[in-house]
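Protein sequences, first through last, are from chains A and B.
The first sequence runs 267 to 378 under this note's numbering.
The second sequence runs 61 to 174 under this note's numbering.
Take the hints with a grain of salt, since some may be wrong.
Said to hold, decoys possible - Below, computed lysine to aspartate or glutamate pairings styled on EDC-like, alpha-carbon distance capped at 16 Å:
1. B/K171 / B/E131
2. B/K109 / A/E366
3. B/K161 / A/E277
4. B/K161 / A/E310
What the hints assert, rightly or not - Some residues of chain B that are not near chain A, with every Cβ distance over 10 Å (derived):
5. K102
6. K129
7. S130
It is worth saying that the hints were derived from the structure and are not from the lab.
Using N, Cα and C, we set each Cβ at its ideal position, and we do this for glycine too.
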Amino acid sequence: DAGVIQSPRHEVTEMGQEVTLRCKPISGHDYLFWYRQTMMRGLELLIYFNNNVPIDDSGMPEDRFSAKMPNASFSTLKIQPSEPRDSAVYFCASSPGFGEQFFGPGTRLTVL
Amino acid sequence: AQSVTQLDSHVSVSEGTPVLLRCNYSSSYSPSLFWYVQHPNKGLQLLLKYTSAATLVKGINGFEAEFKKSETSFHLTKPSAHMSDAAEYFCVDALGSGTYKYIFGTGTRLKVLA
């Protein structure tokens with residue numbers, strides 16, 4: 267298995283633009299997680315899905331952030347409009363159940 | 061609120077010497093604890109996990125951790141450091157058994173000197 271796939275690996279955009287981050291979980295994993303990592307706040311859980319349904323989005327910072335999982339093999343995290351303080355590394359992870367989460371390589375987002 | 065404390069933000073060891081990365085948790089119930097490693101520009105990889113079956117947990121790459129309830133600790137050790145161990149290490153507690161919300165420690169950056 268190729269593991270969790272994220273795209274793009276790097277994204278540079280200007281303030282106010284829409285940003286879409288993509289994730290393909292490991293086949294057969296029922297859980298998908300989106301995290302954000304910054305120097306100031308460390309790793310934060312933004313949202314997670316079970317069987318394509320959002321279970322807990324309490325970590326989503328504000329309405330500018332939205333996440334979808336239209337099917338078992340694809341999820342997006344969208345920021346609209348983006349702001350410089352959104353600059354971070356965004357990780358997607360998937361899991362077959364309670365226990366290990368398998369992380370993707372991350373998307374490094376820079377908002378100018 | 062539940063928390064995970066990694067007592068050292070940076071640790072430096074010489075190659076071939078032991079590694080000790082310290083972690084304390086604050087769960088009032090039986091915790092579910094993990095250690096993850098993150099190499100530069102990579103995602104996180106599971107090193108080991110505590111599942112209450114044994115207090116001494118062995119992981120990959122020669123790492124192990126001991127769960128000590130009396131000290132609310134889950135320290136990570138390795139007898140002999142290798143250059144490839146240089147990375148950031150995260151201690152994680154899940155919010156109660158059966159949940160999926162991880163609480164991450166702030167991380168410990170391990171440097172291995174030649």
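Hints versus structure:
Between B/K171 and B/E131, the direct Cα distance comes to roughly 26 Å. Violation of the 16 Å bound is thereby established for this hinted pair. The hinted pair formed by B/K109 and A/E366 meets the criterion: a straight-line CA distance of about 8 Å does not exceed 16 Å. Restraint check for B/K161 and A/E277: the C-alpha separation of about 27 Å exceeds 16 Å, so the hint is violated. With a C-alpha separation of about 10 Å, the suggested pair B/K161 and A/E310 falls inside the 16 Å cut-off, and the hint holds.
At roughly 6 Å from the closest C-beta of chain A, the C-beta of B/K102 falls inside 10 Å, breaking its exclusion from the interface. Non-interface call for B/K129 relative to chain A: holds, since the shortest CB-CB distance, roughly 20 Å, exceeds 10 Å. Its beta-carbon lying about 25 Å from the closest one in chain A, B/S130 satisfies the requirement of being farther than 10 Å from that chain.
Consistency note: the structure conflicts with the earlier hints numbered 1, 3 and 5.
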